[in-house]
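Colleague: Listed below, chain by chain, are the residues.
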Amino acid sequence: MKISCIIVEDLQVAADFLLKFCEKSGLLEVKGHFSNVADALVFLNEQTIDLIFLDVEMPGATGFDLLDQLVYSPSVILTTSKTEYAYNAFQYNVTDYMKKPFTYQRFQEAIGKVKKAEVNTATIESNDYIFIKADGKLIRLNNDDVLFMESMGDYVKFVTPAKKYVTLNTIKGLEEKVNKSAFLKVHRSYIVNIHKIDDIQDNTLYIKGNYIPISKAHRADVMKKLNIV
Amino acid sequence: MSEPFRFSQSLQVDFLNDLYDGDWEYAESVFENVITEIPKLMALANQELEMQNAEGLRQALHKAKPLFGYVGLPATQAMIQHMENNCKTGVLNGAMKEDFANLKNKIRVDSDLLEEEFRRLTEYNKK
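Note that the protein sequences, when read in sequence, are chains A and B. Going by our numbering, the first residue of the first sequence is number 236, and it counts up by one from there. Going by our numbering, the first residue of the second sequence is number -19, and it counts up by one from there.
Treat the hints with care, since some could be wrong.
With a straight-line cut-off of 16 Å between C-alpha atoms, the simulated EDC-like cross-links for lysine to aspartate or glutamate are [to be verified]: (1) Lys398/A <-> Glu411/A; (2) Lys255/A <-> Glu(-17)/B; (3) Lys68/B <-> Asp437/A; (4) Lys255/A <-> Glu64/B; (5) Lys259/A <-> Glu(-17)/B; (6) Lys317/A <-> Asp303/A; (7) Lys259/A <-> Asp274/A; (8) Lys20/B <-> Asp245/A; (9) Lys68/B <-> Asp251/A; (10) Lys259/A <-> Glu64/B; (11) Lys398/A <-> Asp379/A; (12) Lys351/A <-> Glu385/A; (13) Lys443/A <-> Asp380/A; (14) Lys255/A <-> Asp1/B; (15) Lys372/A <-> Glu64/B; (16) Lys106/B <-> Asp(-2)/B; (17) Lys259/A <-> Asp3/B; (18) Lys398/A <-> Glu410/A; (19) Lys266/A <-> Glu292/A; (20) Lys317/A <-> Asp1/B.
DEER-style ranges, computed between Cβ atoms [what the hints assert, rightly or not]: (21) Asp1/B <-> Lys317/A: 50 to 60 Å; (22) Ser91/B <-> Ser239/A: 37 to 47 Å; (23) Gln27/B <-> Gly444/A: 54 to 64 Å.
Partial chain A-side listing against chain B, Cβ under 8 Å, derived [claimed, not checked]: (24) Val248; (25) Ala249; (26) Lys255; (27) Glu292; (28) Pro336; (29) Thr338; (30) Lys412; (31) Val413; (32) Asn438; (33) Thr439; (34) Tyr441.
Since the hints were derived computationally from the structure, they do not count as laboratory data. A quick note: this is a predicted structure, and the numbers were derived from the prediction, not measured. Every residue gets a Cβ at the ideal spot worked out from N, C-alpha and C, and that includes glycine.
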């Protein structure tokens, strides 16, 4: 099945190159090209796609403004002519970051990362437990037992109702490994069990007596995952 | 098989060969597009400079910058990047105006080169 995508890019030459590369790959179906964030958001609020090729600086609003307003999380490949957005790209957890102009070979590398992320996600979705290395042994934790995970530098604290475990790990590393139907990164320092959230107020969520911040970059993901009626 | 098109040595030849990967008709259309777009964006940049609008100037330059990459002129891209960075100070002083004048001179030379390259591409593609 082809990866559905849109191109959000105000420079026509750059958009044309992307269209050409998408067609050449045979792996992508381009659902639309938008030269500004507002038009892209109208489309994205009506249709779900797998991938966005996203320019950063556009008239009216930036690519990061678009990501802040998205209510779901497709893969994102940033396309920009500046390297200074790399830090933001990391914060927004984008799949890749391509500096314009880029060759077809570089484009293929980026698509490879999107496909790899999809495969990893599909594998992880089926797991209802994880093994962690703590207290000198491998300990099985059912997803349902974990309330949240908190970054402690090079370590991560797993919080369960009964006990806290500290493992040599990072939130970024764990984000790739945990079951995404149960866990959600809400801040660069926190992954929470979606099913354990008691309530949310503004940019803070509450799980069994613990207050956990929701970052601006992750707020849209959180709201999307909640069963709001 | 016909001889591949050879870009001018004044351009970033290896990158252009990778970018167009033998699709010389596409290269022709991109060169044509860039030749058309650059004067428009530089006119806009000039207008913003005259209005002392540093952010407007930065945005116009930012949009023009990658165009030079698609036609193998990284030195011009670097000049624009330098100006973009200086625009962030919000002050359009004498040095900035001098930089802009130098950029315009560079682009004048570039444009002649691009026109010639476009002519050669068109000729090559007709064969």
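Colleague: Taking the hints in turn, state whether each one holds.
Modeller: Each hint tested on the structure:
no.: 1; hint: Lys398/A <-> Glu411/A; verdict: violated, 24 Å
no.: 2; hint: Lys255/A <-> Glu(-17)/B; verdict: violated, 24 Å
no.: 3; hint: Lys68/B <-> Asp437/A; verdict: violated, 33 Å
no.: 4; hint: Lys255/A <-> Glu64/B; verdict: violated, 29 Å
no.: 5; hint: Lys259/A <-> Glu(-17)/B; verdict: violated, 23 Å
no.: 6; hint: Lys317/A <-> Asp303/A; verdict: violated, 20 Å
no.: 7; hint: Lys259/A <-> Asp274/A; verdict: violated, 26 Å
no.: 8; hint: Lys20/B <-> Asp245/A; verdict: holds, 15 Å
no.: 9; hint: Lys68/B <-> Asp251/A; verdict: violated, 30 Å
no.: 10; hint: Lys259/A <-> Glu64/B; verdict: violated, 34 Å
no.: 11; hint: Lys398/A <-> Asp379/A; verdict: holds, 14 Å
no.: 12; hint: Lys351/A <-> Glu385/A; verdict: violated, 26 Å
no.: 13; hint: Lys443/A <-> Asp380/A; verdict: holds, 12 Å
no.: 14; hint: Lys255/A <-> Asp1/B; verdict: holds, 12 Å
no.: 15; hint: Lys372/A <-> Glu64/B; verdict: violated, 54 Å
no.: 16; hint: Lys106/B <-> Asp(-2)/B; verdict: violated, 22 Å
no.: 17; hint: Lys259/A <-> Asp3/B; verdict: holds, 12 Å
no.: 18; hint: Lys398/A <-> Glu410/A; verdict: violated, 21 Å
no.: 19; hint: Lys266/A <-> Glu292/A; verdict: violated, 21 Å
no.: 20; hint: Lys317/A <-> Asp1/B; verdict: violated, 24 Å
no.: 21; hint: Asp1/B <-> Lys317/A: 50 to 60 Å; verdict: violated, 25 Å
no.: 22; hint: Ser91/B <-> Ser239/A: 37 to 47 Å; verdict: holds, 40 Å
no.: 23; hint: Gln27/B <-> Gly444/A: 54 to 64 Å; verdict: holds, 59 Å
no.: 24; hint: Val248; verdict: holds, 5 Å
no.: 25; hint: Ala249; verdict: holds, 6 Å
no.: 26; hint: Lys255; verdict: holds, 7 Å
no.: 27; hint: Glu292; verdict: holds, 6 Å
no.: 28; hint: Pro336; verdict: holds, 4 Å
no.: 29; hint: Thr338; verdict: holds, 4 Å
no.: 30; hint: Lys412; verdict: violated, 36 Å
no.: 31; hint: Val413; verdict: violated, 38 Å
no.: 32; hint: Asn438; verdict: violated, 29 Å
no.: 33; hint: Thr439; verdict: violated, 34 Å
no.: 34; hint: Tyr441; verdict: violated, 41 Å
The structure is inconsistent with the numbered hints 1, 2, 3, 4, 5, 6, 7, 9, 10, 12, 15, 16, 18, 19, 20, 21, 30, 31, 32, 33, 34, although it conforms to all the rest.
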